[in-house]
Amino acid sequence: MNTNSKTSKGLPVGARRAIAYAVLILMSFLCIVWFFILFINATRSKGELARGFTFVPSTHLIENMKDGVLYGTLPFVRGMLNSMFVSGCSAVLCTYFSTMTAYAIHVYDFKLKKFMSTFILAVMMIPTQVTALGFLQLVGKMKLENNFIPLIVPAVAAPVTYFYMKQYMESTLPLSLVEAARIDGSGEFHTFNTIVLPLMKPAIAVQAIFTFVSSWNNYFTPALILHKDTMKTLPILIAQLRSADFLKFNMGHVYAAVGFSIFPVIIVYLLLSRYIVGGTTLGGVKG
Amino acid sequence: MGKAKRGKVVSYNKWGYIFLIPFVTVYLVFQLIPLVSTVYNSFFENYRAGLTQVGPNFIGLKNYATLFTNGDLLIYTKNTVIMWIMGFVPQILMSLLLGAWFSDPSMRLKFQRFFKTVIYLPNLIMASAFAMLFFALFADSGPINSILIGAGILSAPFRFMSNIWSVRGLVAFMNFIMWFGNTTILLMAGMMGIDPNLYEAAQVDGATANQIFFRITLPLLRPILLYVMITSMIGGLQMFDVPQVLTNGTGDPVRSSMTLIMYLNKHLYSKNFGLGGALSVLLFIVTGIFSLIVFRINTRSE
Amino acid sequence: MKKRTLSVLLAAVMAAGTLAACSGGSSAPAEKPAEEAAAEETVEEAAPEESAEGAVLNIYCWNDEFKRRMRDHYPGYEDVDATHGKIGDVEVVFNITPNDNNAYQNNLDETLLKQADAADDEKIDIFLIEADYALKYVSTDFAIPVKDLGITDADLADQYKYTQDVVTDSDGNLKALSWQGCPGLMIYSREAAKEVFGTDEPAEIQTKFSDWDAFVASAKVLKDAGYQVVSSVNDTYRVYSNNVTTPWVVDGKINLDENIKKWVDDSKALVDAGYAGTNELWLADWTKGFYPEGKVFAYFGPAWLIDFCMAADTEGSIANAGGWAATEGPQAFNWGGTWICGAAGTDNPTLIADIMRQLTCNEEIMTEIVKQDNDFVNNKPAMEAMAKDETYSDAVLGGQNALPLFCAGADKISMDTVTKYDQACTEEFQKAMKNYFEGKESFEDAYEAFCKAVIVKHPDLTY
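Protein chains in written order, with our numbering: chain A, 165 to 451; chain B, 1430 to 1731; chain C, 6 to 468.
Since the hints were made in silico from the structure, they are not lab data.
All the pointers check out, no bait thrown in.
Below are the EDC-like pairs computed for lysine to aspartate or glutamate, each with C-alpha atoms no more than 16 Å apart in a straight line:
hint, chain 1, residue 1, chain 2, residue 2
1, C, Lys199, C, Glu209
2, A, Lys392, C, Asp86
3, C, Lys385, C, Glu369
4, A, Lys305, C, Glu115
5, C, Lys376, C, Asp394
6, C, Lys457, B, Asp1501
7, C, Lys445, C, Asp277
8, C, Lys300, B, Asp1569
9, A, Lys307, C, Asp122
10, C, Lys462, C, Asp137
11, A, Lys307, C, Glu115
12, C, Lys385, C, Asp158
13, A, Lys392, C, Glu127
14, C, Lys152, C, Asp170
15, C, Lys417, C, Glu389
16, C, Lys385, C, Glu368
17, C, Lys462, B, Glu1474
18, A, Lys307, C, Glu127
19, C, Lys228, C, Glu200
20, A, Lys392, C, Glu115
21, C, Lys225, C, Asp271
22, C, Lys228, C, Glu298
23, B, Lys1491, C, Asp465
24, A, Lys305, C, Asp122
25, C, Lys462, C, Glu432
26, C, Lys385, C, Asp160
27, B, Lys1443, A, Asp273
Example chain B residues on the side facing chain A (calculated, C-beta under 10 Å, incomplete):
hint, residue
28, Gly1445
29, Val1468
30, Trp1530
31, Ile1573
32, Phe1669
33, Val1710
Beta carbons are placed, not taken as given, at the ideal position from N, Cα and C, and that holds for glycine.
Can you build the whole structure from these sequences, using the hints too?
As structure tokens, then:
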């Protein structure tokens, strides 16, 4: 009856659930298998790698980590600190100021509001590579080469993050809340920091992860700006390891280095992901 | 400040400007100046021949003319769009599907946290490292071929990298794997914001899961969906790392997987600020047009 | 309230900035622009009393080959870490930028162009260049004529002439020196030779590959036995391109030499007959023949290919078992080479001159390089002595002393046709022709694509 009527309109829950599990397991496999392959490859020596792939780990993991990464010719440990610093700062600056920008557009009414919101949307469409040439010239003129500033500070103006924050605020942040805070005598800046930011936590977590990861994996800009070994971030060092001359070229080292560089992002992701998957809802205020 | 005389709307609204200061300042310095110089340069002959600087000499629209008469631009635009769509369509469908399943209370899926966590993981791998892995896996003498031959499916290695559609397919597949988790997370965040009462009411009225999804979830998801489409499209038009590493920069076979940014990247070789600038401006215009179309579609169906 | 928060925020941002600067110059005082190269130690006291020359020797290169040469063979060089060393009181800094995506040259170009404004210890002192783009740097004033460094013709008398011709500018100034000569040979698998031709004797194998017709005939025999004659048709490219009569560019126009066209036609025939593949050099599918199961008969290359690239240190490879042998092949050729340039504006001219003399003119040191690294050095007497040396043999070549063959090859090398466009032309030509070889497009279309690709890299050319 009830179940019958359901079948007529769609598959029964049991069948749908079975399909869902099958798809989810397949997708999970497709998501994890790469890490497995990376791991297997990181345990294999140069010669073993050259002769084909197996699914059984080999015994060279420690050797690869030592020779290729930790005590190799390239400063990977330093590179990891550099990457952490750059990505961490970018993520913080980006999410904080993008939220602030979105807040400005969302909450206040001012003459240039329309113009600004359209403007930011328009500039979002400019690919970063498009301005790379000009950016590089500018960095050269400001004498900011071999410096982290051109990698971190531009994160303050991130139209894409702003756009997400604004979309999110539209469904989450009722203006009445801001009004109420004003009545309580809270200053605007105070309201933003103590009331708005906590409300935005899920969105901030999402964007913090995205920003952190994309900064962590960014090769294009850092490669143009950082030339000093002690300043280089992990993607540059990995590229350098890959283009080592043939005598020393060792894919086992490369895979070990890739694994080494993925590890911290996974940690950061797992730490922040509870905000995303833990069921914190968008409609926190609405209850 | 608001303690003594609150209530003057004007006095609050100046905060709109104040809160915009960081964004605007940083934008002006780090993005607008480079952008303006890019556009400006596009009207000049300005490149390096070896170590000798040629130009800048004002040549009007000649760079644009060169790009159009050369004929490759259209092909590369087409390649980029094809590979983006091949990756994006399955990606958005899968994300909506997963999002619907996760947010559908009647499904009561177990291990949700695990699944939700796992789907984003591929995004953590550097695109270039990911492409490197694929390149090794799908090489003529690589493991995929040996598995297929070992299983008797193939008799000779399939040359994945020498076939237009297998290369494009691999690029699309990699983009799909790397980005569907990202999209799902964004959609889920949006779905969880939908008032649960709406669902309950619909269920009481006897709506099916499909009806709930298409009548309630999807319309309410529009702002996030719009965001996903626009950003994915911008990202798609900027596709670079994956095809670059996978094809070793050639975009082969017959440049069928050469994207616009790969082409732009080639102009960086000669520091060709003129032609590269013109290409950048065109890229901006193309992105703008596509974004407008997406916006228009979204507002029309409202 | 808000004011305080704002100032806290500002402080935080500034702290971030300072931190950035700090982590930039490690222990150097975190002050803005001229981030000290790493001359953290007692540079300031040391410099004046030492000599009039600079305290830091900056070397720009793309890998650590040169660093290893310095470490192993330059007298008085002490290794500090991966990118630093010391010669007396002078700190040696290796600025290594990988070749990927032209990053090395981009970085070098930018730094050279700013050379005049740079602080003395930041200036490039030495940079390395390769044959394919040597003229790009040699034809500018950024490279110092070696004569100005005090290196005389007598110093250079023992070098192979062609290694000097390549790096001599249009006014006759020699601007760079190399420790290497790069004559190439055909390097074939002994195992495969025995199996297919019944012998692995270089002289007998040579008769089967003495010219291109014999090469094709033998390729057929190899194919029937399940071998590819070469891993990729790109293997033979250098043999043809090194025997051209016209350069890649004539009067600013891209030019296709007849011999290059012959490579295209011969290669197309090889590919169509299934005798050889179309893999790009250096990638996994190309290197599979370094192992017996790869079923590749031969590679073409100079000494550095044999000892650096053929996976000699990897168990299971043919090289590891000493399973290769070398013979002249159809034609003599040359491939690659690294040259040392002194950068204009350097503050260490004496030291540069000494490094050049020791590594590229000193017979004793160069003989040592041959013995230790099996490189073919740029010193005729040393090479000829080694060629006659009964005790010298190359383990990778199964104990063969291939130096007589290399020496004979080196005498035949002519590099009159090099241009500064060779790197772009070579790379793009091989990429474009792959599509033709695989039957994806016609030769004309592939050639047009090649021309367009070269012009993107060199907008000053036409076709």
